[in-house]
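Go ahead and model the full structure; you've got the sequences and the hints to work with.
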Amino acid sequence: MSEELIYTRPESLRERKTHYCPGCGHGIVHKLLAEVMDELGIREETIIIAPVGCSVLIYDYINADGIEAAHGRAPAVATGVKRVHPDKIVISYQGDGDLLAIGTGETIHAANRGENISVIFVNNAIYGMTGGQMAPTTMSDQITKTTPYGRNVQDVGYPIRACEMLNTLAAPVYIERTSIHDVKNIRKTKKAIKKALQNQMDGKGYSFVEVLSTCPTNWGVAPVKAAKWVETAMVPYYPLGVFREEKETV
Amino acid sequence: MSEFAFLNGNEAVAWGVRLSRPHVIAAYPITPQTKAVEKLSSFVQNGEMDCKYLHVESEHSAMACSIGSSSVGARTFTATSSQGLLYMSEGLPYASGARLPIVMMNANRSIATPWNIYGDQMDAMHVLNSGWVQLFVEDAQEALDMVIQSFKLAENHDILTPVMINVDGFVLTHTYEKVEIPGQELVDSFLPAIEKAPHLMNDQDPMSLCISAGNQHYMEFKIKQHRDMFKVFEQLESIDRDFEKSFGRSHGGAAAGYRNEDADVILVTTGSVTGTARVVVDSLREQGIKAGLVKLRLLRPFPSDDLFELIGKAGAVGILDKNISFGFEGTVYTNVNSSLLQKGYRGRTFNFIAGLGGRDITKENIEEMFSALLEQKGETVQYFNMGCAL
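Chains as they are written, first to last, in this note's numbering: chain V, 106 to 355; chain L, 994 to 1383.
Watch out, some of these pointers could steer you wrong.
What the hints assert, rightly or not - Looking from chain V toward chain L, a few residues come up when the C-beta cut is under 8 Å (computed): (1) Val161; (2) Gly171; (3) Ala175; (4) Tyr232; (5) Gln238; (6) Pro253; (7) Tyr254; (8) Lys296; (9) Val340; (10) Pro344.
Hints are computed from structural coordinates only; laboratory data are not their basis.
Source: prediction; values computed, not measured.
For each residue, glycine too, the CB sits at the ideal point set by N, CA and C.
In structure tokens:
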């Protein structure tokens, strides 16, 4: 009987013991990214810009070149890299604190310039690395370390919907929101990441994939319940789907 | 009534802020300051503080909000660390130039690159010229007490200068100690409500703030700011004397000596490492070695007179720096050395650089520093506890 290899760790994923908490979504998104990099054959061409936050150590996992950016500056660093090396695949991988709080300016302007980069935005509705404070994407009434009675939207504003906000700009070619709360949606997420990278390879322009993700540790729930919470609490507010597929003509 | 509690440095700062009754706190979380702002946001949301807590999107905005609230007369507090302080740094001279009495906790932490979350004092040195009073504390009690004292200092109409309280990251922010929390009534009588400063706005007294000044006027603003900074020495001492009368504790003025009077050799420290150095000084004294210590509490304004007096006739002085100014030497050393030279100090000075990025500074390291001072051996600038030769 001949043996058939049906599964192996992607070449783009290093063999490392994870530092992420049980049930954290980053591991899933890292793996999807690595699989896509393998499938597109771009491992040697890829430069990943890491954020400040839990995924600051992405270079420990993805077997590609990378640069750690100052907090919130990943899309600007990515712009610098991409303009010098238009032939490389430049990925800005960011969380909600990095992308939508301290780095909102860079996020909007890189998108508005239509930089030919791919932004992967992991939204887990909380500041993970600093230990669970309110993020711009924290849900209304969600309890965090800095909102012990829940996010009061009258005081601190409503959770920001990144895809909808970026969809007001003319330049982006692709904007999609996905989730990793179940297998079906994990597969959709992989497809979205692949499209974002393919767009860049084709020279189309700015692609943005927001992935709704989990933070069981800082949410204070078990991983299974965390995945359920994404589905029941986050998805209704952050609707999944494609917001933009082609460049708007203005 | 005061009470004793088991608090880490972050919590001690939060209690100091709570007791000082600020109107506004604007902060963005960053390790290792997070526990302070979490505690403060809880105090506010529990209704234990009558204060606006502003959940801002970055440190840059935290400083801008602080400038806004302080400009209209509100007692204002913020807290940050490391890259956060550097991101704030554009706003720091705005605040000090506008003479706004903001008080800040800076949890001292290293600066990227390499990225590192652990303690050293590179961040504070980076903004030494920002026009803020730079104060360093040794333990959690001093951290709590100095928040209260700092508001009184900053709001003094002869001073009107923002104060940065430097609290060593992790060693102080995350270490639990027995801390006395003073009673609110006592703090209220020591630190009354903020008085409206003549140059600040309120709804009865509208005015334009943060004006432009061209080359005809700018220099006078800056020299006045510089001269007023020196008034901090006298005010700090006076505030500390009053504090002692009210609370029974004194932390001293700009610098404090420990077994320094007859010392042959003296180590100058800032912040938490002072505690370790005290232990080493005691053990050297038991061996008959005349070792002494000077704890620098203020780096801005820089206490040249006090320092010279405390160091006196010691044959050699070592300055411990948890920072490095690339291409030169440790920043505290530069300051101390220059000041001693101006005062005519004749002994030899050494610069001991240690503890970068959270590297331990052990008792043995400090013993080695004293050995270098006693034997007056080695290079002027020396590095301690290196993992490998470079």
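Hint check, failures only: Those not satisfied are hints 2, 8, 9 and 10.
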